[in-house]
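Protein chains: 2
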Amino acid sequence: MTAMNVEPLPIALDAMGGDSGASPNVEGAVAAARVGVRVLLVGDPVRLHAELGKHAAADLPLEVVPAVDVIGMDEHASDVRSRTEASINVATRLVKDGKACAVVSMGHSGATMASALLTLGRLKGVDRPAILAHVPTQKGFAALLDVGANADVKPQYLAQWARLASVYLGVVEGRDKPSVGLLSIGEEPHKGSQLVLEAHALLKEASGLNFYGNVEGKDILKGTTDIVVTDGFTGNVVLKLAEGEAKVIFGWVRDALTSSATAKIGALLVRRGLRSVADKLDPSTYGAQPLLGVRGLAFIGHGSADAKAVKNALLRAARARDADLLGRLSDALG
Amino acid sequence: MTAMNVEPLPIALDAMGGDSGASPNVEGAVAAARVGVRVLLVGDPVRLHAELGKHAAADLPLEVVPAVDVIGMDEHASDVRSRTEASINVATRLVKDGKACAVVSMGHSGATMASALLTLGRLKGVDRPAILAHVPTQKGFAALLDVGANADVKPQYLAQWARLASVYLGVVEGRDKPSVGLLSIGEEPHKGSQLVLEAHALLKEASGLNFYGNVEGKDILKGTTDIVVTDGFTGNVVLKLAEGEAKVIFGWVRDALTSSATAKIGALLVRRGLRSVADKLDPSTYGAQPLLGVRGLAFIGHGSADAKAVKNALLRAARARDADLLGRLSDALG
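Protein chains in written order, with this note's numbering: chain A, 1 to 334; chain B, 1 to 334.
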C-alpha cells in the first residue's frame, strides 16, 4: 500500500501495559529505535517522559502519544468498550486512523484482543481472530495457535487459522511452505474429538496448504510440524503447561546442582551450557504473539515481558509491516 | 467382600502386551511375586514358560493361563469384540469370573479399555470410565484424568471423574480429602469453554468433594491440586506433551553437558543430582494408570513399560484390591 519512497508508519506501543508498567516498555522502545524502528509510546506523558529521561533518547525516532487511562492486568477485558481513553484503545485507534502500522501491547491480553477486534474489525474470510504463540522446539520453534482467543471453536476456524499461520510464517519468519499439524490424540486421521475429525477433513481438502496430518502432544516440542493448529482452550493449556514445565524442570536441575559440595563445583563447569538451554526456553526471545485475523497488525506479549521482549516484539512488528503481512493475509483469505 | 481368612485373589496380567511382549511382563511379575503378589500370566504358554525359565521362579505364586491370540499395538481396538481368545479378553474374563481381582496390561490401551468395558461393564452412576494418569509435580504427583478414554465429553462426566479420582487417591495413595482442580484457561470461574463453565457449576455444588476451583496448564506440574480433571482430549494432549517436553529438555541438558571439555568434567560431578531429576520424571515409577469406572479393577500401562513398571503396576493393583477400591468407588457413586 505504502509507496516505496514514503517513510514507513511507526508502531504504536501500549507503553503502560504489563506487570511492570512503563519502565520495560520504554527501555525496549529505546532499544528498537536505536536500530531504526519508529515507535509511538502511548500512555501517561509525565510518566513516559520521566522514563525516556533515563535513556539518551533525545534523537531517537520516538514520540509520546498521551492516554490518560490504562486497563490494569486484573481488570475486565470488557472494559475496553467503555474506557475509550485507555492506552490500548488509543493505540489501536492510531492503527485504524492510519497513523501507526501496528499495535504492540504487553498489557491485559484479553483487553488487547478485544480492543483490536472492536476497533479494527476482522479480515474478510476470518470468522475469529487467533493468537499465535512461538514454542521452542528441537528444530527451532513451532507456531501454535490458537492459544487463548477462542475457547469454543468450529472446524472451519481451525482451517482458517492454518492458512493465517502459513502466511505469517512464510512472510515474517521466512519459512517456505510451512507444514501444518492438527493437534489430536493419535496420528491416525480417525482419532480425535468430533471437532478434530471435521477439521481434519477440511484441512485435507484445503488448497495451498502443506497439511501434514494429525500430531500429538509429544510432537509439539519435537518440532514435527512448523505449525500446530488447535482450539484456543487446548492451545492455552498447552502453552501454559509447556512454559510451566520448563520452569519446574529447571528448578529441579538447579536444586540438583546445589545438592552437594561436589555438585556445586560441577555446576560452575556446566553453567554456560545450561544457560544456553535456558535461553532456548526463554519466551522473551520471541517478544510477542501476533493476533492474526484482525484488520491490522497486532502483537500481544507476556505481562512479565522485559525490555528485550519489548524490543523483539517491536522488531517483529516492523518486519511484518515491511513484508506487507496484512496485505498477504488478505490475499490468502479473501 | 472377601472374608479376611481367605487368600486374596490373584492379579491377571496380559503378559503378551506391550512393545517388548512377554519379556518385561514376566520379569516384572517375578519381581512382584517375590514380594508376595500372586499373578496369573495370560498368554502363549510356550513363550511364557520359556521366559519363566530365565528366572528362579519355580516356587513363586505365578500361574500361566493360556491365550492363543494377542492384539498387537498397531491393530484396531475394536478387534476385542471378535477376537475373544486374545490375551486381554482372557485376562478381563478372569476378573469377571471372579478368578482374578484385577487386570493389568501394558498392551494396546484402546483394546484394554474396550475389553474391560465390554466384559466388566460400568459402575452404577458412571456414564463413561476414565483413565487416570500420575503426573510428577513439585509436590510429588498429581492425578490427571481423563487422559484418553473420552475425547468428547459432557460436564457431568467431569464431576463423576472428580469423585472417582478422589476415592482412588484416598484409598490407594493415602491422600486425605484430595483437592480437585478443573483444568481451564484462567483461574476465574467465568473463564473457560462452555464445557468447563458447566462442569465448574456442577463441581462447586457437589457434596463431599474438596473442589479447589479452576487451574491452568502451569498449575499441573506445580502440584496446585492433587487431582486435575479435564476432557480426554485435553488430558491426552497434556500427558503426551508433559512426557515429551521432559525428554526434549533432558536431551538439551545432555547435549549441553557434552558441549565442551570443561562441561564434560562438570557433568561427572553433577551426574548423581541430575539422575534424581530424571527419576522424578520417569513414568515407570507409577507403573500403570487405573481405568476408573468399570466394574472391576483395571490398570493400563505404557507400551514401552519395563519390568520395573510392570512390577509397580502389579503392586498398585494389589494395593487397590487390599483396600477394596472397587467397593469404595461403588459406595461413592451409587
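Some hints here could point you the wrong way.
Intra- or inter-copy, both count: the list cannot distinguish identical chains.
Quick list of in silico lysine-lysine cross-link-like pairs, DSSO-like style, CA-CA up to 30 Å [stated by the list, open to error]: (1) K177 <-> K139; (2) K139 <-> K96; (3) K139 <-> K222; (4) K264 <-> K218; (5) K222 <-> K280.
Don't read these hints as lab results, they were simulated from the structure.
Cross-check of the supplied hints:
| no. | hint | result |
| --- | --- | --- |
| 1 | K177 <-> K139 | within (16 Å within a copy, 44 Å between copies) |
| 2 | K139 <-> K96 | neither (37 Å within a copy, 49 Å between copies) |
| 3 | K139 <-> K222 | both (7 Å within a copy, 27 Å between copies) |
| 4 | K264 <-> K218 | between (33 Å within a copy, 29 Å between copies) |
| 5 | K222 <-> K280 | both (14 Å within a copy, 21 Å between copies) |
In this structure, the one hint that does not hold is number 2.
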